[in-house]
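Undergrad: Grab the two chains, each in its own frame, and use the hints to assemble them into the complex.
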Amino acid sequence: MTDATGGGRLVVDGLEKQYELDGAEVPVVKGVTFTIEPGTFTSLLGPSGCGKTTTLRCVAGLEHSNGGVISLDGNVLSTGTKHVSPDRRDIGMVFQNYAIWPHMTVLANAVFPLQVSAKRLPKQEARRRAMEALELVQLDAYAHRPATALSGGQQQRLALARALAHRPKLLLLDEPLSNLDAKLRDTMRHELRALQQRLGITALYVTHDQSEALSMSDRVAVMNQGRIVQEAAPRDLYYSPADRFVADFVGRVNMIPAVVRSRDDSGDALIEAFGSRMVTPCPPAIGTGADVTVTFRPESVRWHDSAPDRPNVLPARVARVEFLGEIVEYEAEVLHGETVVGTLVARGAPLRSPSSGSRIFLELDPTACRVLAA
Amino acid sequence: MRIATIIAGAVIFLLLAIPLAVQVITAFRGPFLPFGVSSAKWSVENFQTLWGLRDDFWAVLGSTAAFVGGSTVLSLLMAFGLAWVTVRTDAPMRRVISVLVVVPFIIPPIVKAQAYLLMLSPESGVLNQLLRLLPGDLVIDPYSFVTMTFIQALTNVTFPFLMIVPILTSMDGSLEESARVSGASWPKTLRRVTLPMLWPGLLGVAVLTFILGLGSLEIPLLFGQQSGKSIFALKLWSLISAGAGELPQYGLAAAWGCVFLVITTIAFVIYLRATRNAERRASISGKGFRPTVMKLGAWKIPVMVLVVVFVLLTAILPLFALLWSSITPYPIAFSFDALVTQTQFGSFGAVLADPEFWASLGRTLVIAGGSATIACVVATVLAYGIARGRRTGWSKAMDLFASSSVAIPAVIVGFAMFLTFMVINPVIPLAGTLVALVIAYSYRVSIAYRSGYSATLQIRMELEEAALVSGASPLQGFRKVVVPLLMPTVFAVWIQMFVLGTNEFTLPAFLATPETRPLSVYMYAMISPRSAQLYQPDQGAAMALIFTLLVFVIGYGLQWAVSLRAIGRAKRRRPLPGIGGTPVIEPDEPVSPDTRSVAAQDLADQRELAKR
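One line per chain: the protein sequences are Z and Y, in this order.
Position 243 of the first sequence, counted from 1, bears residue number 243 in my numbering, the numbering being contiguous throughout.
Position 351 of the second sequence, counted from 1, bears residue number 725 in my numbering, the numbering being contiguous throughout.
Honestly, I wouldn't trust all of these hints.
Unchecked claim - If you want the footprint, here are the derived chain Z segments under chain Y, 3+ residues with CB under 8 Å:
(1) 75-89
(2) 96-103
Said to hold, decoys possible - Computed spacing ranges between beta-carbons, pair by pair:
(3) Ala378/Y x Glu20/Z: 17 to 27 Å
(4) Glu20/Z x Val683/Y: 51 to 61 Å
(5) Gly325/Z x Gln933/Y: 49 to 59 Å
For the record, the hints were derived by calculation from the structure and aren't laboratory data.
Beta carbons: idealized from backbone N, C-alpha and C, even for Gly.
Only chain Y is shown next, with the shape it has when bound in the complex (with noise of 0.2 Å):
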């Protein structure tokens, strides 16, 4: 067990480490690989060259600070607002208006981002024409800076709202009834109580909805473009993309990179302050309550316009887009008339009898099955040993590093990846390969490092101590009742990070060939009009469109096959003492020195957790 969670804690730091190490060693050596070159030497050259041309440092910095702290704190006002609707009102339909919230979720970044091109076209987008409806000379400018951090806070929204959500279910209701019952109003309880209460949990979410818009590339390369405003993850895209006849400057782009690794950590230590915070606060009380509901009265009305307008925006409006610019050749405004005489459905028939659809589909469920497996199976290993095991420097260190790669823009980590895998490429041929995908894919293992280690803590000690006093050496015990109690758990960590991965666009912007590009990365060449032969933005649409289905299809169609053995377990099932939360009765004895070794380690991990 021992030697397994070793194991497993070096290949995370290796995973890790190793690329962040490769891209600050770059940044100080050379302009251009740090190894295997004449022009590499020690030297800070490519910071005086970034301070050199300081007004576009500051220009980019500034942009990058509006866009992404600006859709950062729409996103998470609509998030907040949307789950507080969902959660702690009476409006009608709140289930319904969670799953439309959610859906988007599984729709591709890069989908989302093209549906918006499409949706906010001056002549033919859907948005315009029925905002051309309305009374006044009312157009959207798609490369409008405003229009863009719009963009990505709608793309980003589902995120915030999944980590809010539980926040807010698990609140204390009894807290804000007696403000109330205090006279306090309902204003001024959400002011006095309620936020400040939520406000740790909040700043974690926001800290992390942050660090996600600052390494996405999607809406930043389809729009940012066009809007004149560099953005920090575009800035590092275009860097290594240069033009024909120039020589690609990494050791400036990894300068560039190193300035905003230094920005995230900040961000990330923040971020480990306001949980632990969260936690001393410690609103949830663990006891079966239900949030106190507020009753929407008058406001019923306005609420329910906004949210439909925010699930019009959200999926129906981007998938009418879709749909319009899949079945019409070019660019045209929706019309009847164009309805009847300009539509043509060939662009599906012509994706389904693509191979290289296919073969980009097969690389993309590979790239995404094989590093959802490696992620799973290794963070699980090392969660178990760490959440077990003794706590030492060791394994304290271990278990922030392997929480951390949250904290790692993907942007920073595709462009890391892409300079390591060509350094090590004489040793280690990897560059270019499926191989160096799944790798990189596989950073994403403190999702279910978190969930791993979550889960093993709800696995009371006793269980696998009983399966040692029946006689079971620890790897029966581990293998017998461990593995089959954590395989829920690692199940639904799997379906996320698979569905993650076949959403992906950033890690392969950087990383993939013609050869090994996934999915995302060929419909990216369809819709893109600078790569010429490839252009056909019809069968980018309907790609799209059935991109997003098998995503769906997949992504639900295995949630649903793993709930109906939970479920069909669980009706059987009644709360069990043991696994998961409290016993059926509290023992009448309180937690005590005595039964240390399982409540003291509860305690510490309680503890240890506060501190995260």
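Looking at chain Z on its own, in the form it has when it is part of the complex (with noise of 0.2 Å):
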């Protein structure tokens, strides 16, 4: 399986599910629509109860979908009345638990979607194939030991050769990572990144955990309440989210009211927040006397002692400094005049940190921060 197996092209559009619930029907995923190309890694983002893992086992086919056409490479997997079963439909998926099958070995639970195809491979062929995907995962001096007697992160990487044994054109992954502990995950994170990339294949990932949706996408969907919000590479979606819940969902953010006073061709504008002014990019849309929310990122908050020379600049109060190893989190109380008007989280070295209570001036850097409409 060293050669590429190539992936195949997934479209999703329009996806509709409901699942009935003491007799009403709860719209679950409310057309969703994307596409992941050949080859490339796409993870669906978002909270508990957002419809990822319904969309991702609609995809999988475990779940009959009410409207909308999946289609991988071209054939059409599902529409709202046709329903390819899903040992037909040329996937591998790995499961949140695993899902390994305790009384196999772990070369039998490698080789059984490769005896269970259409397609059946003579019995050497299959144990070769199966033997390749568990060389992929490192497991291969495994092969003869039950499948129970691994640890959580084998269990985990068997999944995943059982997923790939019969070369699928698509894999699914619905929040794998997720029982491992932090080492393991962040060590799993890489190996899966890497795997994908050196096979080729098409991936769609499930998780609610924004830095592995980051680290590993080439792009992210984040969902809420059943539909796409944004979908985008993860630094543009991280420094341009599209509204407040993705900047808020996609890590720790700073959201500040704000009126815009004037605005310039160049796509700046000049904006009033806390009394303060300043001057941001804002996107055409929003004209002048909008309501608007800033956001920012902590960690392109700048601390001074005295006030620089420079617009965006806030006098703040330290109300608050936690150390949390590689950098300290501080939260300053914006001040106008000497009123507490706002709170802001700002992040910076632990080796140059203000001290609580400590008057310091805070400056924003213009391209860190985005204008929503409010």
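TA: Shown next as structure tokens:
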């Protein structure tokens, strides 16, 4: 399997899914649309109950969708009425709890997809391919152990090997790292991404952990209440959130209310927040006089002992300092005269941090600020 | 899959519903059989007759209530005490005690009944001999009502014990600890916290013990005939085994059956409510905890004395009495003199040389094995279908129905099956065949159904879904993933039902003919003075011992064989994420409608379980 398996192009268009709960139809997925280009890695990111797992399960065929079209490489897998069963979709899937069959050996788990597929392989060939898949995840030495003798991380790898053994066009991953401890999770994250890129397989990954989504994906689709609110490359998502939900969900963020005072043609706007004037880039749709929210990341705030001679500086008092190891996080009360008009969270290097109660000046980098409609 | 579920459901429905329906119809249709005889017509005559004999009716009702109720309370007290000692105290040899309490489970009740009879014999009984050694003039009358009740309690104590142990084990000790920390003494904690918490669970156990007691014929048959008090099981049995020249009064017997069916239905409803409350109170937190252990201190000696007395009464003395009876030609009191001069071992040889012994043993194995297989296969298929299927009104009703066979006393099943085979005999001649016995024994499907249901819930949906996305068809997934994972449970239940089947006496007492009788009935013939030619008490005792040994060897042998495989696997096994209980590390994400098909299924199942 060292040769790239190649990936398929997944198109999900207007996916709808309702559940019946106590007699009522509860919509869970409301018209989700996205495309995954062959060989790329897309994450569905969102809070509990946003519909991301349901979307994944519809793609897998484990749920019958109520509407919309799912197709892989042009083959329609499901519409509201048509439903190709999961065993005919040419997919591999890794489950949250690994779903390793406890009554089989490691090899038997990995060879299973090759034994049951419609195009049945000769025994030797199936075995060879399963071993290859195990080699990919460095489990070939464990092939004849009972699957349950593996540690959590190894079971995770086995689940991956099993999902890849029959060289599917699409790999589906349902929060596969959430049961691992923090250290192992980081390692697996790198391995998973490296493997996906090496094989060139198309991957759809579901997670509620933004750092997983940001670090592994080519594209991230943030979901909320059954809809995709923004789909973008990780960097764009982080620095240009489409709305307050995305800004808030992906990483820590400061959101301050402001009013647009004037605009110029270059796309910058003069805004007023906390009684101070600031300059930030502003989307053209927002006109003068509009109430807006300015968002910026805690790490884009710099602090000074004395006011620098630059725009976008707010006077503040340090309310709380929290030492987190690699960084220091502090909460600052923004002052207008002597009254507190708001609070901001900022982050900085731990070696030089303000002390609690001291008066400081916060400088916001205009390029890191995003103006959103309030 | 769907079709298999429907077929299994239909089989269970027919198995339970038809006999009960036939019984009810018989109660309303004439004095004899409801169909095919000229006297059959719709009437309430049987109930009028029953009411006409109301002195008798009330007497039977009263003595049955006292007998079954009394023995239930007694065996619950004993079972709770023993379970408490083994689970919650620092008593020495707790494991040995729990084994000694459980071992009588495999002694057939009819053997136990006979052993007690021998042990209590006023002249030669070993217990009365022992009592004579004590000061005072104590002799136990084996045929008194109190003795009979007590014997029934001793015979059945294993059943509530096996059910109470897990309840006590799973109780969250921190709830008691917090009561203790709040300043409550041990007795006060027990009264204010422990018992109220356990109460619904114990009530459920009480109801099932009550139904078990109501349904068993052994003790009333051996003890009750002489006590002059008529117990329901005995009444039913004697109504259909009419003396010479009389017509059996099936209609009247069916009317009796209906009355008691109503009583057990009420009891079953209480049971359902009690267990639902038990779920609601949820003393089971699912975390790995050990229940706190009570230090016995000065109480250690009295507690151990009581335990020893119990083991003497339930295991050692009965077995000794059997052994003594088997080596003496007629009932004589034990003495060393008699041991030297009177004993002979011919009875064992005679039993082993008796072709009827081997024939009835063979039938026992066939009936027990056949019925256990039928019940396990059908119940497991249905349990899987219902546990995995959509919840509809039908599936809920079927679920309740398949769980309800515990609520039908064996004696009613025996009688209703007997009637049914008589009624269908012109069309399907099964009366008096081994097949009839196999079908009748299979009625205990609910044991297999309940186990199959919870075993299915333990297999996470993900394991099956993983097979599907790997390219397996639903049938392949079932065969390669579900079946192997359900197998250990099914085997364990099979063994349990097989042992129950070999022990069964009540059902064949109604259904077996001399040509089809299993060992338990043949043995009863040997020890019952009423069966003139066959009456050979020493051979009967020898047979009882051989029988017990065989059940022991077969039951434990099978269990050992299965556990060897299971242990061999478990040794190489770590805690399994995906099967049985919680994953190794809990997912960060709380259960949400998003992961619905897995999570909501689990939730719905829990809710369903809670309702039960």
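Undergrad: Enumerate the violated hints, using their earlier numbering and listing them in ascending order.
TA: none
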